Amino acid sequence: MSQREGSLEEPKAESSISLLPHLEAKIRQTHSLARLLTKYAEQLLQEYVQHQGEPFGLPGFSPPRLPVAGLSAPAPGHAGLPVPERLRLDAAALAALPVLLDGVRRRQAELNPRAPRLLRRLEEAARQARALGAAVETVLAALGASAHGSQGSPTEAATAAAPAPAPGGFSAKVLGLHVCGLYGEWVSRTEGDLGQLVSGAPA
Amino acid sequence: MMSIYLFWRQPSQMVDRKRMRTSNFRWLLSKFVLLYLMVQVTGALRDLKCTTNNLKVWDCSWKAGFESVIDEVCVEDRSYSCHQVEKTNIKIPALPPGDHIMTAKSSHSPANSLSKFILNEKNVSFIPDTPEILNFSADFPTSTLFLEWNDKGSAFPYHVNVTWEIKILRTERRELIKLETYNTNLSGKDRVHQWSWASDLPLECATHYVSIRCYIDYLHFSGHKEWSDWSQMKKIPWSPNSQTKVFPQDKVVLVGSDIIFCCISQSKVLVAQIGSTLCPLIHLDEKNVAIKIRNISVSENSGTNVIFTTDDNVYGTVIFAGYPPDIPQKLNCETHDLKEIVCTWNPGRPTGLVGPRNTNYTLFESFSKKYVTFKRAETFTNESYQLFFQILPDQEIYNFTLHAQNPLGKSESAQLVNIMERVSPHTPTSLKVKDINSTAVILSWHLPGNFAQINLLCQIEINKANSKQELQNATIKGVKNADYLIDVNKLNPYTKYTFRIRCSAETFWKWSKWSNEKQHLTKEAIPSKGPDIWREWSSDGRNLVIYWKPLSISDANGKILSYNVSCSSHEETQFLSEVLDPQHKAELPLSKRDCIISVVAKNSAGSSPPSKIPTIEIPNDDLKVEEVVGIGKKILLSWHHNPNMTCDYVIKWCNSSRSEHCLMDWKKVSSNSTETIIESDQFRSGIRYHFFLYGCRNQGYQLLRSIIGYIEELAPIVAPNFTVEDTSSDSILVKWEDIPVEELRGFLRGYLFYFQKGEKDTSKMRGLEPGRSDIKIKNITDISQKTLRIADLQGKTSYRLVLQAYTDGGVGPKKSMFVVTKENSVGLIIAILIPVAVAVIVGVVTSILCYRKREWIKETFYPDIPNPENCKALQFQKSVCEGSNALKTLEMNPCTPNNVEVLETRAAPKIEDTEIISPVAERPEEGCNTEPENHVVVSYCPPIIEEEIPNPVVDEAGGTSQVIYIDVQSMYQPQAKPEEEQDIDPVVGPGYKPQMRLPINSTLEETAAEDDIDKTAGYRPQANVNTWNLVSPDSPRSTDSNSEVVSFGSPCSINSRQFLIPPKDEDSPKSNGAGWSFTNFFQNKPND
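For the record, the sequence lines run as chains A and B.
So the first sequence is residues 1 to 203, counted in my numbering.
So the second sequence is residues 1 to 1088, counted in my numbering.
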């Protein structure tokens, strides 16, 4: 939280750039989408935990943070990066998430075939992540920044360190939990990054 | 040693086998010989031991002796053979059963000795070769070990039973966890045997070892058979995966079973749990641990999580506990269209397993060897499953087997069906109806399916309003995907029908579902009969009114459009009128009174047969009006059979209370009937109906009976109006009117008349409960009676009269009236005159008597009173009582008369008291000071009386102008003195106290008795002193100042009589009016 608050200064300086009205609208729209998806991501995580059985969901249970193939959590130094760079990272993560979410949905279809709401939420989350990623890339393009070529992409780091054996049921549950958590983190992070652009624009 | 042992065992065995062949003597002899030889052998071959591993060659070995070295050994069997010995053993071919002499030659012994001994198979041990394990492998997912070895059966050309013993050891400590025996046969060839064993502990959790040995049980070998040596141990080669730490992974187990989980970890496991339940740790090698879950319960869909927590991580696995598939229940295979077979079943008990672990179903047909697989559906309920199997050409018999399988097991259910007998057609569609005529239609419908090979049995449901449902079955030749037609007959014309249809195969298996309903109105037909008609002549007799009833739907056969009315006689038929349908009567002027009226009904299909009725009405003079009451909303009418009635009987009825023309309805009855029941929805209870029974004779109707009646009688709704016609001092004549028929509501059965004393608005008059003695009731059952005289009444008395009518339906409301009888004047006069006459007579007699006895009366009751003026003590002036303002003080100077003037000699005894000496005389000056003349206070002296009156008013009286009678005042102090004291002290007693008593009070109070006081009190104007104070203020005594009685006391007491009135005191007998007064005589006391 403190990192986010501390990073408010820089975007304000950047937001001195006069944003075009349609760009502002796009940013606001994307920000609203990110905020909505943040709420959905929380609901998805709750729904997911609810169907994994005990001790998932019990207080005090913290499964190991397994490395997720193709994606890593937002880096601690993420807040210190320039906003376009942050959005670039967000877009990359959001582009990687649909595949991961689809994989989780497939495993959950085997483990919880009679949980249609969870499966539907996972399917929708993949679609929504893809849509948000595309929207962020649109904003980046409008800002004149390229969506590719960023250093330290979360997807590259994850791919380099990911052995991907077919996990057992428990590992699949833990992996799915992490993917859902990553989805929430990246969507929330995107919302924050877009929020700084929005706060720089006139209300 | 073994040799010796065997040697000594042989006799016993020989005894068993050759007991019957060898005599005891010979047996003893041979023993001696053998003993000798044995001694020799022991000297040459120490510890001789013979073994065999293949039953073909014996390997005999011994220990070398110190004295000699064996060079050659010869065996004497069928052929004598010698074998050179190089070491201390020799291999010889297996010898046949029995004793064989063995000779050992030693060339190095000093004596060049020759030793002989007996060699027998019984002395040989059979020890098989150590088995060799060909392969030892493991299936980790199932934790199963597989072992393979060769039995080397080719070494044994016989059929030999072999027992294998396999042992499994676990962990580096090589703990024995399984020892199993496995039996096989040797068949003369080498065979490889497999053995498997499932470990409860996952094989990944610890190293497992195996070893094997065998025991060959060759029955024809009489020697000693022993186990082989254990084979060399083999272990499962396995290197744990770096990722997987917990075993087993994603295993499916049976609910209720026990299962072991282990965790392979480099760090110490702290906690293990299944779900949220902690489990005790079982330590394996190094830091590996295991937990054992007993009686595991069914898992939720995503499985049961098993978690191992180490210092730095959490490892886990998922276990799926469920059930094997239940036997498919209610397997049923049938066809709807003879194109495909649908097999349905119920899966039975849920397995608790979902997803890839769910049950797979395969439907296999054994004749065609074809099968279909059930596509997995995640159903939430235990609903029926189904599979479709295409019907094969030229195959009618199908043998289906439904296989169910999941990771925990499999089950199956089978059914053999002739599909031609299992046809349950689809629901018929496109049902249509087409008219043939007014009573027949054609039904058509579509039935999908290939039914060309069979006949269909179809059922048609025919529904008609207000009618019983009808079912018709029809057999139809089946066709392929076509429409079907069928005729439906015997319908009613112009009737709305509802059709629906269902079908099955002629070889009935199941009905299809009912098709949708189809409504249809059949065509019209001519009316089946004419309307029911009746005729009435109008009141003026000129017109004939013809009535007819509308035809029933079943008779009308269509919509009736009109009615044609005609009149026919012998000469001609005259058309009278055509009446359109809603009208069901016609009023026509008839020129001829004798004709036959004919009415026909017409619809679009034609005219009905005519209904005829004669117009003539035969008169009947002998007619009485009868009464009838219905039973259960029906009227039963009966009559005697009349052979003259040739046509029929007609009963018509109407509401008799209505003034309109009397026809409500009619009913025709055949001529041979003698009774009928009339019922109508129009009948109402309490309404009077008039019934007329007509008989038909000679083409004319005659009124036979006239009957009035009620369906049900009710109580009248009004009371009869009644008036009082005449009233006398002891009787009342009442007259009442009839109740109108419509308000009577039944046949009048009588009146109830109540009367009782009472006045209007008296509450107790309201009720007329039976049984009350003061109410008199008269039940008037003669309904023709309209008056009633009530006699024996009291004069000038108010009576309440109540009248109500009643029928069999109940008693009607009441009407009441109050009447006062006249006064009886003669009696009153007599009652007045008699007392007056008596009083006059008594008065006259009394007057006469008084006149004649006047002297005696005067002396007795009114003696002459002495004139007080003659008393010098009382110096009254003449004007003392004349109201003068210069009123002199009544001075009561104490005086003692010196003499008494006697006015009447007869009163002399009373004047004797004057001789009593007054105490006042002894104190002449005390308290009697002269007062001024104007002083108005009457002071009673002597002062002793004043001392007895503690009333302070006395002291103050000197300053007032009122006259205060202190004595009288003092008597109103009853509380101050007890009664006894009042009785004793006459001074404070009531009434006037003449002055003569005063000195007596003070002088004789100690000695005089109460009775004596009265006697000595001097003159008493009245005999009873007590009556003085009993007089009320209103009494004439008190008010009449002119009376003699009032003259007692002061002449001025009239001005202050209010002081003489005692306050009302209930306790005082004086205030209770104990004294008699004339006023009381007239008072109406409550207690009188």
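Check before you lean on any hint, since a few could be wrong.
Label pairs and their computed distance ranges (CB to CB) [unchecked claim]:
no. : chain 1 : residue 1 : chain 2 : residue 2 : range
1   : A       : Ala134    : B       : Leu278    : 46 to 52 Å
2   : B       : Glu340    : A       : Asp102    : 32 to 38 Å
3   : A       : Glu42     : B       : Gln329    : 42 to 48 Å
Which chain B residues face chain A? A few, computed with CB under 10 Å, are given here [said to hold, decoys possible]:
no. : residue
4   : Asp250
5   : Thr277
6   : Cys279
7   : Asn301
8   : Gly303
9   : Pro356
10  : Asn358
11  : Asn360
What the hints contain is simulated information worked out from the structure, not anything from laboratory work.
Here the structure is a predicted model, which is why all the values come from computation and not from measurement.
Where a beta carbon is used, it is the ideal one built from N, C-alpha and C, also for glycine.
Status of the hints after comparison with the structure:
1. In this structure the hint that alanine 134 of chain A and leucine 278 of chain B lie 46 to 52 Å apart at CB holds, the actual value being about 48 Å.
2. About 37 Å separates the C-beta atoms of glutamate 340 of chain B and aspartate 102 of chain A, a value consistent with the hinted range of 32 to 38 Å.
3. Restraint check, glutamate 42 of chain A to glutamine 329 of chain B: a C-beta distance of roughly 45 Å satisfies the suggested window 42 to 48 Å.
4. For aspartate 250 of chain B, the shortest C-beta to C-beta distance to chain A is roughly 5 Å, which falls under 10 Å, so the interface hint holds.
5. For threonine 277 of chain B, the interface hint holds, the least distance from its beta-carbon to any beta-carbon of chain A being 9 Å, beneath 10 Å.
6. The interface hint given for cysteine 279 of chain B is violated, since its Cβ lies 13 Å from the closest Cβ of chain A, which is over the 10 Å cut-off.
7. Proximity of asparagine 301 of chain B to chain A holds as hinted, the smallest CB-CB distance being about 5 Å (cut-off 10 Å).
8. The beta carbon of glycine 303 of chain B comes within 5 Å of a beta carbon in chain A, closer than 10 Å, and the hint placing it at the interface holds.
9. Hint status for proline 356 of chain B: holds, given a least beta-carbon distance of 6 Å to chain A, under 10 Å.
10. Annotation: interface hint on asparagine 358 of chain B holds; nearest CB of chain A at approximately 8 Å, less than 10 Å.
11. Contact between asparagine 360 of chain B and chain A, as hinted, is not supported at the beta carbon level, the nearest pair being about 14 Å apart and thus beyond 10 Å.
Against the hints set out earlier in the document, violations occur for numbers 6 and 11.
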